[in-house]
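Student: This is what each chain is made of:
Protein chains: 4
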Amino acid sequence: MSRPNTATLLLRCPDQKGLNAAIANLLVRHNINILDAQQHTDEEAGIFFHRVYFDVVGMAASRDQLQKELAEECARYGMEWRLSFAEQKKRVAIFVSKYEHCIYDLLLRHKVGELNCDIPLIISNHEDLRYFADVFKIPYFVFPINKDNKHEQELKEIALLQEYNIDLIVMARYMQVLSDSMINCFPNRIINIHHSTLPAFKGAKPYHQAFERGVKLVGATAHYATADLDEGPIIAQGVEGSSHEDTIEDLVRKGRDIERVTLAQAVRAHLDDKIIVYGHRTIVF
Amino acid sequence: MSRPNTATLLLRCPDQKGLNAAIANLLVRHNINILDAQQHTDEEAGIFFHRVYFDVVGMAASRDQLQKELAEECARYGMEWRLSFAEQKKRVAIFVSKYEHCIYDLLLRHKVGELNCDIPLIISNHEDLRYFADVFKIPYFVFPINKDNKHEQELKEIALLQEYNIDLIVMARYMQVLSDSMINCFPNRIINIHHSTLPAFKGAKPYHQAFERGVKLVGATAHYATADLDEGPIIAQGVEGSSHEDTIEDLVRKGRDIERVTLAQAVRAHLDDKIIVYGHRTIVF
Amino acid sequence: MSRPNTATLLLRCPDQKGLNAAIANLLVRHNINILDAQQHTDEEAGIFFHRVYFDVVGMAASRDQLQKELAEECARYGMEWRLSFAEQKKRVAIFVSKYEHCIYDLLLRHKVGELNCDIPLIISNHEDLRYFADVFKIPYFVFPINKDNKHEQELKEIALLQEYNIDLIVMARYMQVLSDSMINCFPNRIINIHHSTLPAFKGAKPYHQAFERGVKLVGATAHYATADLDEGPIIAQGVEGSSHEDTIEDLVRKGRDIERVTLAQAVRAHLDDKIIVYGHRTIVF
Amino acid sequence: MSRPNTATLLLRCPDQKGLNAAIANLLVRHNINILDAQQHTDEEAGIFFHRVYFDVVGMAASRDQLQKELAEECARYGMEWRLSFAEQKKRVAIFVSKYEHCIYDLLLRHKVGELNCDIPLIISNHEDLRYFADVFKIPYFVFPINKDNKHEQELKEIALLQEYNIDLIVMARYMQVLSDSMINCFPNRIINIHHSTLPAFKGAKPYHQAFERGVKLVGATAHYATADLDEGPIIAQGVEGSSHEDTIEDLVRKGRDIERVTLAQAVRAHLDDKIIVYGHRTIVF
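Chains as they are written, first to last, in my numbering: chain A, 23 to 307; chain B, 23 to 307; chain Y, 23 to 307; chain S, 23 to 307.
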């Protein structure tokens with residue numbers, strides 16, 4: 023996890039010579055020490071991806087100054103970029119319905135310090151898990167959703183999310199399909215957990231599908247939500263063996279373990295600025 | 023692996039009381055010691071599955087006598103059953119094309135004693151791997167296949183397989199779709215390895231499909247071949263993590279490792295009489 | 023998980039012919055339907071292990087009658103045995119100190135129905151996790167322990183455990199070594215989670231040891247507590263890859279995930295009567 | 023795997039500002055395009071590790087010139103470094119005894135193009151596997167070893183290895199302990215596979231030890247050979263689940279699969295210049 027007094031720069035651009043040098047020179051000019059860096063080039067597509075994690079102690083420039091110079095340098099190379107300082111914690115909204123395993127897990131991880139973020143609110147379409155939000159003293163907002171009010175309720179949710187300056191939405195087994203308006207407000211900033219190893223068993227009741235097909239593995243997929251359901255860029259996938267002894271209830275139980283670990287892994291990668299989306303794929307440094 | 027002087031009884035029938043007792047009593051009557059036994063009941067479907075692995079040393083009946091009595095007892099309960107003696111090694115034909123990793127692996131495992139079978143012949147549609155069959159002194163038959171001769175060549179293959187009394191066909195990355203005639207000659211006795219975790223990425227070029235989709239796992243599936251391609255009963259599946267660093271070549275390389283391990287696992291389960299097919303699912307004890 | 027109206031019989035004895043038949047006949051005599059059964063023979067040691075899971079609906083005997091007949095039959099063969107009815111939930115005491123991940127996990131699993139038991143009390147040497155016991159309304163008893171009062175405090179704990187008719191103690195990262203008196207009161211009924219893949223990294227600070235050694239895997243081991251620390255019969259082990267990028271904090275974090283999954287797996291196996299201890303080894307059916 | 027027309031630079035030095043920039047500037051000055059790069063800093067120890075994989079097509083300097091300039095630049099920062107061109111294949115000697123699974127595996131991988139190296143000779147203390155070396159037309163030298171001739175035989179082996187300009191020795195289940203003289207001739211250039219997850223089960227017969235202890239996992243460890251047996255820097259570890267059903271023979275069988283995969287993984291990492299040794303630990307980029 024990003025420790026205090028560090029920053030992370032993510033960038034991508036058409037591949038060309040001198041990209042590393044350009045960034046490294048800019049940073050060293052301000053007396054910045056790079057702690058970790060990874061670079062990847064998709065040679066076929068000709069795209070360059072870069073993550074630089076650096077110490078800001080002793081940095082000989084203000085953060086604004088650094089942002090400004092990066093903007094100039096990145097413009098020169100046609101780079102898309104994002105600079106995050108560890109102290110500026112991302113603000114995460116968790117969406118839940120009635121299943122508790124994923125939200126328990128996220129709140130536990132947050133409590134023990136695994137997730138570098140604030141969780142200022144939880145949104146649900148049901149009252150069921152309010153008691154648990156209360157344990158952690160996190161505001162819990164309920165927007166009951168039915169066919170008629172869905173659009174209207176989502177608009178209220180969006181307003182609330184914006185009021186709270188939310189950076190990332192985590193769908194912790196939220197059992198509603200988000201509308202395009204919601205998704206467009208938070209592009210590549212909504213993480214969903216699907217309870218199968220996509221593209222296998224898209225759609226509803228994947229454990230029932232898996233049971234019917236007699237597979238010997240069950241799994242889960244964490245991905246960014248896109249308008250095209252179950253087709254968003256995959257961030258992480260987990261899997262476990264299954265056998266004829268597993269009833270559907272057993273698959274669901276195994277799934278709970280995989281879902282929460284896989285979702286947490288994706289959320290942590292996002293919070294630590296390790297992910298670059300790229301078409302419908304991801305680079306996860 | 024089944025050790026010498028043992029036998030394995032596999033059976034299935036509609037669930038009813040007294041099934042275990044019926045089998046156990048029959049065996050103890052002939053002074054037979056059960057070494058391992060597993061039973062599974064599909065409560066929903068009401069089907070009983072049983073595997074009994076026993077010592078034949080000290081058995082107070084001839085094999086024929088035992089077979090006869092089992093036939094009678096099993097008829098009483100509507101049981102389908104199969105009794106195999108470890109000494110009567112199954113006869114396996116390996117089908118290959120040009121990829122060598124699966125056949126190398128099977129022949130190595132056979133040599134070091136992991137597979138309780140004979141491998142009296144290898145069939146291919148190409149000459150390429152003859153040199154390797156020669157190392158192990160296994161007859162290597164080539165039946166080149168094109169659109170026009172496919173039916174005719176398969177008939178020759180079937181005749182050859184029957185001449186060699188083949189019990190099990192292993193498609194070790196054999197790159198031809200078998201016709202229904204072939205499959206019907208060897209029902210639940212042809213094991214294929216598909217290079218994805220079915221039902222994801224059916225059909226051709228699964229690694230390319232996986233790469234395009236940006237998945238974070240690659241895998242393989244060993245299944246019995248059925249007329250409906252890629253829909254046969256799954257025996258074993260394997261999986262490994264992948265990342266953006268993996269080119270298609272890397273996925274293929276990782277796949278080779280998973281394919282051979284998964285195929286060998288399925289073949290071993292079949293040879294040790296651990297599999298009962300059941301609709302398009304399997305019980306693998 | 024054992025469903026209602028079922029029972030599980032676990033037994034072991036010197037191997038001899040007719041054991042399966044004896045048990046199967048006794049059960050069928052009372053019109054009992056066996057749902058699942060596994061048998062294992064350690065041929066070298068000559069020991070027979072058996073687990074029978076059966077339906078008690080339609081059983082033509084009282085539970086007492088069945089117990090009595092089993093006692094007689096088992097005496098005949100020198101069998102050690104245990105019969106458990108699913109409705110008679112085991113009573114579990116959780117021991118914790120300050121780490122919350124294992125107890126959170128167990129209580130979540132209990133809540134969603136993964137663990138067939140009652141959890142009537144939690145014992146700790148610290149106040150820290152009382153707030154969480156309160157969420158689930160489970161009595162939380164604190165026995166602060168120091169060098170001088172250890173013996174005396176353990177005696178009080180034992181008395182309390184006996185008062186609550188506790189069947190199983192789960193040490194959910196309880197950071198005290200139990201004395202022999204405690205262990206002797208609950209033979210093979212105390213499950214501990216050690217944060218390494220024993221026998222590697224016994225003793226204190228295993229993640230630090232693992233980091234120093236530069237291993238590429240971290241893991242955890244659930245085992246029955248015995249007088250000989252870290253040498254108890256192993257029930258389950260879990261493992262995950264690590265790399266040079268992992269700091270000690272990362273290893274601890276990965277460890278938390280493995281510990282809770284591994285501990286829960288062991289507890290579930292115990293509750294479902296799937297474990298037979300055998301020297302310092304276990305059979306986990 | 024490194025593709026043609028690429029080179030890899032590995033370096034380590036005390037951490038200081040400007041290291042990335044220094045290397046990136048040097049490379050861009052010669053019109054070199056970086057394809058992949060990873061950097062890691064051990065903040066506690068204050069050491070910087072760097073791997074740069076770059077395209078040499080269009081490089082505006084001779085290889086000698088590049089080497090010379092790198093030497094100068096690296097001297098300035100106290101860097102230890104190694105530059106490898108993909109075309110200059112490393113020369114690998116495989117050491118074997120009687121177990122065939124690891125050498126089969128390495129030769130198959132070499133044949134299908136997974137290993138970027140030449141394998142000009144195989145050394146053994148037994149004749150047994152000569153037939154297999156013959157299949158691949160690789161010279162096979164036998165040096166029988168007993169207590170009396172060990173030193174003398176090793177000197178001959180060293181002479182032979184030097185005559186063949188061997189860069190890397192792979193001990194593919196070679197059942198002799200190498201003397202310090204051999205190890206000192208090839209520091210961090212001898213890879214061994216130990217058949218347990220070190221530090222568990224050091225020494226002889228680890229599968230027997232694992233069986234006796236009743237562990238639920240078996241594994242293998244690939245490490246650089248050092249004078250202190252089983253204590254060399256670990257490169258890769260693999261693991262698989264085991265149960266009471268596994269006899270020692272089963273553990274050995276499972277071990278064979280893990281050993282060959284783990285050994286191959288380590289060898290590939292070495293050949294692709296992904297490993298930096300560091301005390302008794304490794305960085306594997």
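Be aware that a few hints might be false.
Repeated chains share a single entry, so a pair holds when one copy, or any two copies, can fit it.
Here are the computed lysine-lysine pairs in the DSSO-like style, where the Cα-Cα straight-line distance is at most 27 Å [unchecked claim]:
(1) 120 <-> 39
(2) 133 <-> 111
(3) 90 <-> 227
(4) 111 <-> 224
(5) 296 <-> 120
(6) 276 <-> 111
(7) 276 <-> 172
(8) 90 <-> 169
(9) 111 <-> 296
(10) 39 <-> 169
(11) 90 <-> 224
(12) 296 <-> 227
(13) 133 <-> 169
(14) 224 <-> 39
(15) 178 <-> 296
(16) 169 <-> 276
(17) 178 <-> 39
(18) 112 <-> 276
(19) 296 <-> 90
(20) 133 <-> 227
(21) 227 <-> 111
(22) 120 <-> 133
The hints are simulated quantities; they were obtained by calculation from the structure and are not laboratory data.
Student: Does each hint fit the structure? Answer for all of them.
Tutor: Verification of the supplied hints:
no.: 1; hint: 120 <-> 39; verdict: neither (52 Å within a copy, 40 Å between copies)
no.: 2; hint: 133 <-> 111; verdict: within (14 Å within a copy, 32 Å between copies)
no.: 3; hint: 90 <-> 227; verdict: neither (49 Å within a copy, 46 Å between copies)
no.: 4; hint: 111 <-> 224; verdict: neither (34 Å within a copy, 38 Å between copies)
no.: 5; hint: 296 <-> 120; verdict: neither (30 Å within a copy, 31 Å between copies)
no.: 6; hint: 276 <-> 111; verdict: between (32 Å within a copy, 22 Å between copies)
no.: 7; hint: 276 <-> 172; verdict: neither (32 Å within a copy, 39 Å between copies)
no.: 8; hint: 90 <-> 169; verdict: neither (47 Å within a copy, 60 Å between copies)
no.: 9; hint: 111 <-> 296; verdict: within (15 Å within a copy, 34 Å between copies)
no.: 10; hint: 39 <-> 169; verdict: neither (54 Å within a copy, 50 Å between copies)
no.: 11; hint: 90 <-> 224; verdict: neither (44 Å within a copy, 50 Å between copies)
no.: 12; hint: 296 <-> 227; verdict: neither (31 Å within a copy, 30 Å between copies)
no.: 13; hint: 133 <-> 169; verdict: neither (36 Å within a copy, 31 Å between copies)
no.: 14; hint: 224 <-> 39; verdict: neither (41 Å within a copy, 40 Å between copies)
no.: 15; hint: 178 <-> 296; verdict: neither (31 Å within a copy, 51 Å between copies)
no.: 16; hint: 169 <-> 276; verdict: neither (32 Å within a copy, 42 Å between copies)
no.: 17; hint: 178 <-> 39; verdict: neither (48 Å within a copy, 49 Å between copies)
no.: 18; hint: 112 <-> 276; verdict: between (30 Å within a copy, 22 Å between copies)
no.: 19; hint: 296 <-> 90; verdict: within (22 Å within a copy, 36 Å between copies)
no.: 20; hint: 133 <-> 227; verdict: between (32 Å within a copy, 22 Å between copies)
no.: 21; hint: 227 <-> 111; verdict: neither (35 Å within a copy, 31 Å between copies)
no.: 22; hint: 120 <-> 133; verdict: both (21 Å within a copy, 13 Å between copies)
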